[in-house]
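Colleague: Sequence:
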Amino acid sequence: MKGLTSNQKNSVLTSMAELIASERGAILKANKMDVENYSGEDIAMYDRLKVDDAKVDGMIVSLQQLIAAIDPVGKELYNFTHENGLKMTNKTAPFGTVLIIYESRPDVTVEAGGIAFKSGNKILLKGGKESLNSNLKIVELWHKALAENNISTNWVEYLNYNRTETQAFLEHPTQKVDLIVPRGGEKLIAFVKQYATCPVIVSGRGNNFVYVDTEADVEMALSVILNAKASKISACNALDKVLVNTNLINKESFVKTLIHKLLKHKVEILGDDEISKFENIAAFEDEAIWYEEFLDYKIVLGSVKNIDEAILKINIYGGGHSAVILTENKETAQYFMELVDSAAVYQNASTRFTDGGQFGLGGELAISTDKLHHRGPMGLQHLVTNKWYVYGNGQIR
Numbered sequence: 004m005k006g007l008t009s010n011q012k013n014s015v016l017t018s019m020a021e022l023i024a025s026e027r028g029a030i031l032k033a034n035k036m037d038v039e040n041y042s043g044e045d046i047a048m049y050d051r052l053k054v055d056d057a058k059v060d061g062m063i064v065s066l067q068q069l070i071a072a073i074d075p076v077g078k079e080l081y082n083f084t085h086e087n088g089l090k091m092t093n094k095t096a097p098f099g100t101v102l103i104i105y106e107s108r109p110d111v112t113v114e115a116g117g118i119a120f121k122s123g124n125k126i127l128l129k130g131g132k133e134s135l136n137s138n139l140k141i142v143e144l145w146h147k148a149l150a151e152n153n154i155s156t157n158w159v160e161y162l163n164y165n166r167t168e169t170q171a172f173l174e175h176p177t178q179k180v181d182l183i184v185p186r187g188g189e190k191l192i193a194f195v196k197q198y199a200t201c202p203v204i205v206s207g208r209g210n211n212f213v214y215v216d217t218e219a220d221v222e223m224a225l226s227v228i229l230n231a232k233a234s235k236i237s238a239c240n241a242l243d244k245v246l247v248n249t250n251l252i253n254k255e256s257f258v259k260t261l262i263h264k265l266l267k268h269k270v271e272i273l274g275d276d277e278i279s280k281f282e283n284i285a286a287f288e289d290e291a292i293w294y295e296e297f298l299d300y301k302i303v304l305g306s307v308k309n310i311d312e313a314i315l316k317i318n319i320y321g322g323g324h325s326a327v328i329l330t331e332n333k334e335t336a337q338y339f340m341e342l343v344d345s346a347a348v349y350q351n352a353s354t355r356f357t358d359g360g361q362f363g364l365g366g367e368l369a370i371s372t373d374k375l376h377h378r379g380p381m382g383l384q385h386l387v388t389n390k391w392y393v394y395g396n397g398q399i400r
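Per our numbering, residue 4 is the first one in the sequence shown, and the count goes up by one each step.
Result set (DSS-like, lysine-lysine): computed pairs, CA atoms no more than 25 Å apart in a straight line:
{"no.": "1", "residue 1": "Lys235", "residue 2": "Lys35"}
{"no.": "2", "residue 1": "Lys390", "residue 2": "Lys78"}
{"no.": "3", "residue 1": "Lys390", "residue 2": "Lys5"}
{"no.": "4", "residue 1": "Lys301", "residue 2": "Lys235"}
{"no.": "5", "residue 1": "Lys267", "residue 2": "Lys280"}
{"no.": "6", "residue 1": "Lys94", "residue 2": "Lys374"}
{"no.": "7", "residue 1": "Lys280", "residue 2": "Lys316"}
Simulated restraints on C-beta separations:
{"no.": "8", "residue 1": "Ala286", "residue 2": "His263", "range": "13 to 23 Å"}
{"no.": "9", "residue 1": "Glu168", "residue 2": "Glu86", "range": "52 to 62 Å"}
{"no.": "10", "residue 1": "Phe362", "residue 2": "Ser9", "range": "15 to 25 Å"}
{"no.": "11", "residue 1": "Phe281", "residue 2": "Tyr81", "range": "54 to 64 Å"}
{"no.": "12", "residue 1": "Trp391", "residue 2": "Glu288", "range": "54 to 64 Å"}
{"no.": "13", "residue 1": "Gly28", "residue 2": "Gly6", "range": "28 to 38 Å"}
Think of the hints as simulated: they come from the structure by calculation, not from any bench.
Ideal placement from N, C-alpha and C gives every residue a C-beta, glycine not left out.
Can you make the complete structure from the sequences, with help from the hints?
Modeller: Next comes the structure, spelled out in structure tokens:
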């Protein structure tokens, strides 16, 4: 598709923000139908599905941030003049067509669509059946915004496919697809990776760890752990595992207090052989639980003898998303942060900050746990590839 100017892109995004504001009631009405039709027991799915005024406000803000952001297309990354006179320039360029397959979250239909459009990509949106009414209403607004600015509605396309149709499209796309981003649970990610015939960026899996070091501020540690676990259990940046150094001073008191506070938030607590000796903790039976992302009021507490054991455990079992060390020792923190293999590593802060908006990127398409071509929150500037422009006057090799 022919590229658009920054002014054209921003005009469409402005129209879309205005339409969402004026059609707020219609969006909420469509979402109410989805919520009432949802019969599942997955509380994380339900939390992501529900749209309220605050979420609509967030959709508008995400578009306003995109309007204010610098266009990422055509940015010069490198230039070189060959000894034979060839002038070579490397610039950012759109991928082309991006497919995002996601579950439950209608706000993704706004945010992902906006990021893809501003970065010059056509977006194919494949939402879940549970949010169909919400998604179709939002896509209708996208098409109105595009039409108002005399721009083809083909820039934003919704794939209303069931699982069989989606598999068929992944295996034999009816149009060129340059990049796929599955944004959801592990089953969705595995499904897409199994059948996709183009590059896939994995997003959505958390299984995040906190390590409590011997030099941790225990009051801070309690605050960070509770926020990371209980503030939004449906988020991929929520906490799943806590590792406590056995040499922590007053470890027993700390663990008892942590258990008490977690139980007040109705969090189910499982422990390893050492931690399960405490009251109100059940011992888990299968070591494979260390691999699990819960997206629920559930947590595993374990003990480690030292920081190296903590790092090894996180690198074996973690999802590559976010990991935290709680310590007042800067050298210890840096050692941990250098060696832990996660997209985001923290000292003395909650995993809940791993988010495009919180990282100053504005909205995010996804949070990548892959290493190619980008890792962590994928904002506007990351949904581009690069292209070489070579100018000559007859040079041959």
